[in-house]
Structure formats: structure tokens, C-alpha cells
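Residue numbers (our numbering), protein chains in the order written: chain A, 14 to 234; chain B, 2 to 293.
Hints in this document: simulated from the structure, not taken from any laboratory. Among these hints, one or two may not hold up.
What the hints assert, rightly or not - Short, incomplete list of chain B residues facing chain A, as computed with Cβ under 7 Å: (1) L43; (2) A103; (3) G146; (4) G150; (5) G211; (6) L213; (7) V240; (8) I256; (9) G271.
Positions of the beta carbon are idealized from the N, C-alpha and C atoms, including for glycine.
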Amino acid sequence: MVSLLDIIGPVMVGPSSSHTAGACRLGLIARALVGGTPDRAKVELHGSFARTGVGHGTDRAIAGGLLGYAPDDERLRESLQAAEAEGMAITFENVKLRGDVHPNTARITVWRGERQAVLTGSSLGAGRILVTGIDGFPVEVTGAYTTLVLVAHDQPGIVAHVATALAAEGVNLATMRVSRRQKGGDAIHVYELDSPPEDAAVQRILQLKAVRTARVIERVA
Amino acid sequence: MAESLQEAVEAAVAAGQSLGEYALEAEAAEGLRTVAEIEAGLQRALDIMRNAVERGLQGDIRSVSGLVGGDAIKVHHGTGPLAGTPFTEALAAALAVQEVNAAMGVIVAAPTAGGAGVLPGTLLGLARRGEYTDAQLVRALATAGLVGGVVAVRASLSGAEGGCQAETGAAAAMAAAAGVELLGGSPEQAMHAVALTMQGTLGLVCDPLGGLVEVPCVYRNATGAAMALAGIEMALAGVTFPIPVDEVIDTMGKIGREMDVRYRETAGGGLAATPTGRRLAKERLVQLKPRG
């Protein structure tokens, strides 16, 4: 739902809401997928991100997001130096992603210890974003809610268990979507939540046999 | 949020409200935020806008590439025939915010960063002597938000999708409605100010040199504020625009969809593709090459 505060906002570091603030948010979500600052990041820029990203600070904004800086954090300006200082190796590459891809799209691969994640996301304008892929699964994550991302074996009843675990902790579901690459393989579950889940709820969900990973992405918009 | 500005205006008139009051109450009725919460958010936006104008008017900042900066203060101290009027102060304030934006300073995207100077420029130009309370300015921002929401749904707020008409053009339309609200005009006058302003920005291309939000963006925020003031002045004088406002907004969206990709933030056409534009971009982008 669009709020007056989405239009008169966000408060952000310039120069471009789509190429800077939106890009920063994509970085923040990629960071959340590996639970903190990555050791290494590969950023592939598509379309207008590739053609005009440098001038818009897209590289610094994504790096800043990966370091945990919000879109209104003035440290974004110097984030590439900060990445070096913090030991996050980051590379940028211009690519042409296949299919019907939004002009402002990035694919971000991040590594942190044992964990790895691949995020594909677009900046839709006015700072709004849409994550369209996580680890090769199609998803729709806006970052406007706290989001719970599960990878689980595709079998009946998982959604009900997850919903019960969340309800037991008093967390209300705003939206949910399940998608999979093939029947009976792994499926990805994306739950947008009205409030952040307590650790206890996430632990209960992780105890479900079919659930392989559970990741919580804090609201970024 | 409203999907038709015409319907929002009719609802405001029926309720005996200004467009800003209507916008606040309509959003509160959706149940996610109270009027006081939205007002607090808009007050924060107003504070950041003021800070950005002040910062820009110190006159000592340069953009990331060094191409722009220092022009806001020239206009602020200008001695032209309109010096000291809201018009000139709006130009100076719009330039100031956009110079801060180009230097990676903190601004309010309204609706986008590339068009962030138009709305504060127009409103703070009109309110340059403190004639209006913050509560009035907050209601004006709510009015602008309502208009921007309709434009987002019916057309676009992205230069990559719709060219500059969707960024500084949308911002000017929002600022026009906000200015009418601030000056005490009716919801119908605000609506006509939107149409009268937007008809003047239709077709505006997004052609930044080297893709930097610098040239012509900084200057285009000033001319965007001028366009908003033109719409406000005409609407408050009783001028009405013959094409209904929602159809004008739809037209902006349609033109954006039909616009060649060179004119949608790709730096492939317009001023970006001039011999000088290409040369300047090349010189500046070399120093900005990403590490990797």
C-alpha cells in the first residue's frame, strides 16, 4: 500500500532514489540473507544500473547496504573505502540478464563464512524495490515488511505448521507466497510479517523436519 | 490511496475539507497510521527539506564529479527584476536542494531524488518570510503526496520508465497542488494547478550527462519549480484546464511508455548525447570508475 510518506520520502543520501536508495536496500537484503557483512560480494549490474550506475553512486549504495548502512546514512558516500577497511571484497560487473528484466536490476552474490546467497532485485523508482529471485527461486519481496524466507522440502502441511508457529508468538502474516523449481524438490516460502518474529518462533520453525533454512530480513523500506 | 485525483477532489469538496486534510484522513482510514503519525513523518520531511536548502545556500558544495554546485547562492543574491520574490527564492531553494543531492548529501526524495528540489523549492520559496506555520506546510506536503500517489498509480515516478516528465514533471505537479493548498486555494484550484503545470512538462526527457544526476537535473529542478509557480498563479486566478486532470496524468504515462529508451535515464540521447555532453561525461566518469 502506498503511503503519503512513501511519496514524500524516503529521506536519503542522493543523488538518485532508484539508483542510490533503492540500490542500498537491495544491498541490505542481500546482507540479511547471509546474516551480516559478507566476506565477499559479486555485484552484477544490468540495464540502466550498468549504464549509469557509477555516476549515481549505485556501486557505493550497494556496498553500503551490504555493510548495513541505511539509505539516509551519510557514510554511503565513502562505503567503498569502508568495505576495504572492513575486509569485504567486492567486485562489480556489467551484465545483460536474460528475460523481461526491469531496467534497474542487480544480481548480488554474497559469501559469509559457510553461507552463500544470490539475490536478484530491481529498483522500481522512488526508492521502491522488488526482489525477484533468491538462490534461483522466483520470489516477490518488497522490503516493506519484516520478511521470513524459508527453504523447505516441498511436502504437504508445511505452511500450516509455519503459520501456527508464528501465531503462537503473536505474529500476524501480511502476505505469503510459496514457489518451487520442481514438484517434490525444495520450495521457497516468503512470509511478509506485520511485526518481527521472536527468535523462539524462528527456532520452532527450524525444528520442523522439512525446513532447511530460515532467514529473517528486517524491513528496509 | 486515491487512484483518481478528480475523485479525491470531489470527496474533499463533499466533506468540506482541503485536499491536504482529505489526504491525511483518507490514509488514516486505511488503518496503518494515524493522522498524527503521518503528520510527524511529514514534519520530519519538512525539517530535512529546510536543512537541505540551508546547506545548499551556504554555497560551498560541489557535486561528486565537480560539474555542479555554487549556483543556488548566485540566484539567492541575484539582482534581476524578480529578485526577492517567491519566484526567485523558489529557484534558489530548488537549486540548493539539488546541489546537496548531487553531492551525496541528505535530502527527501519527493517523489524522487532527481526531482527532490522542486517541492521544497516551491513551498519554501512561497513561505520564505515565515508567513506560514509548519502545520500549514505539513498539510501542503500531504497534498503533494496525494497527487504523487495518483501519478505513481496512473503513470510513473521513474525517469527510467517515463523520462524527466515522471520526475521533475511529477514533482512540479505535486508542488503546484501543494502551493495552492498552502495559499488557501480550493481543492478544484489545486486540481487545475496540477493539470496546468503538467501540460507544460509533458514529453520532458531524462538526459543526464554521463548518467550523473547533475546536468541538467540541478537546473531542471529550478525550472520545475517555475512551472509549478506558473500553474499555481493561473489556477488561483481562476484559469481551468480543458482536459481533465486524470487524463493529463494518463497522457504523461502513455508518453513515457512510448518514449525511446535513449531519453529514459540512459544517457543515450538529448543533452547527454551532445558533443560537449559526451566530452564532459567522459572526463568526469574516468575519475569515478568503480573499484573492483
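Evaluation of the provided hints:
Evaluation of the L43/B hint against chain A yields a held restraint, the C-beta minimum of about 6 Å falling below 7 Å. Because the beta carbon of A103/B sits about 5 Å from the nearest beta carbon in chain A, less than 7 Å, this interface hint is met. A distance limit of 7 Å between C-beta atoms decides the matter here; for G146/B the minimum to chain A is near 3 Å, and the interface restraint holds. Given the 7 Å rule on beta carbons, the hint for G150/B holds: about 5 Å separates it from the nearest Cβ of chain A.
The interface hint given for G211/B is met, as the beta carbon of that residue sits about 5 Å from the closest beta carbon of chain A, less than 7 Å. Given the 7 Å rule on beta carbons, the hint for L213/B holds: about 4 Å separates it from the nearest Cβ of chain A. Using the Cβ-Cβ criterion of 7 Å, the hint placing V240/B at the interface with chain A is not satisfied: the shortest such distance is roughly 26 Å. Violation of the interface hint for I256/B is found here, the shortest Cβ-Cβ separation to chain A being roughly 16 Å, above the 7 Å cut-off.
Interface restraint check: G271/B against chain A, minimum CB-CB distance 13 Å, threshold 7 Å, status violated.
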